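Participant: Produce the complete structure using the sequences and hints provided.
Which chain is which? The protein sequence lines are B and G, in order. Residue numbering for the first sequence is 1 to 112, as defined by the working numbering. Residue numbering for the second sequence is 1001 to 1113, as defined by the working numbering.
Read the hints as simulated data drawn from the structure, not as lab findings.
Listing some non-contacts, in silico: residues in chain G with all C-beta distances to chain B over 10 angstroms: (1) Lys1069; (2) Ser1108; (3) Val1111.
To give an idea of the chain G side of the interface with chain B (calculated C-beta under 8 angstroms), a few residues: (4) Ile1100; (5) Gly1104; (6) Arg1105.
Pairwise CB distance ranges (calculated): (7) Gly16(B) x Ala1013(G): 46 to 52 angstroms; (8) Asn1019(G) x Thr80(B): 44 to 50 angstroms; (9) Ser27(B) x Lys1052(G): 30 to 36 angstroms; (10) Arg67(B) x Pro1007(G): 37 to 43 angstroms; (11) Ser1041(G) x Gly16(B): 23 to 29 angstroms.
On a predicted model such as this, the values are computed, not experimentally measured, just so you know. Ideal Cβ positions, reconstructed from N, Cα and C, are used throughout, including at glycine.
Now for the letters of each chain:
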Amino acid sequence: KAGVTQTPRYLIKTRGQQVTLSCSPISGHRSVSWYQQTPGQGLQFLFEYFSETQRNKGNFPGRFSGRQFSNSRSEMNVSTLELGDSALYLCASSWGREETQYFGPGTRLLVL
Amino acid sequence: DAKTTQPTSMDCAEGRAANLPCNHSTISGNEYVYWYRQIHSQGPQYIIHGLKNNETNEMASLIITEDRKSSTLILPHATLRDTAVYYCIVRVGNGGGSYIPTFGRGTSLIVHP
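Facilitator: Have a look at this one:
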């Protein structure tokens, strides 16, 4: 069974731009969560989607948003990029909301 | 959700057992202990999880104390490829409700020849 895939793997943007990252969960998994990882803050939870609805949200500004499609694929969007948004963005999927999460390889975003 | 405390770093000789401790003194009855590891900026890899019984799989063993306030991840024969940051987290296993996963800083395990 294929693992979680994320695209793109690397991305360079400039301040003020917006970016959309994509995540395809493991086949059959319906829950998708997003995380941001930086050297300073570590691995931080962004939000969780299940059945196309955001079920949980971490402590991030409204510039960070996401959605989930009927096939469970998910996208996250960051608007008005700031230098501090440079990070590894990780997606994790699970069969159900409280099941074991499996992570993708991440998208490394660099904001210049 | 309960928070966890782990040593910042540990080292282990190749071929020996690596025992990684984790304290979770405020764990609730319905919270599971999960272990993940992350190798140099790759996505975290699931290792094992448990509720109150000891667990073993092809990667590791998980020993949970009887009061569930601490646990130990055991890599029985550590190899150089086990060098990684190991995260211990606790999370609700069922029943729904809000859950904010908190990974903390983890333990940086270095396996040396």
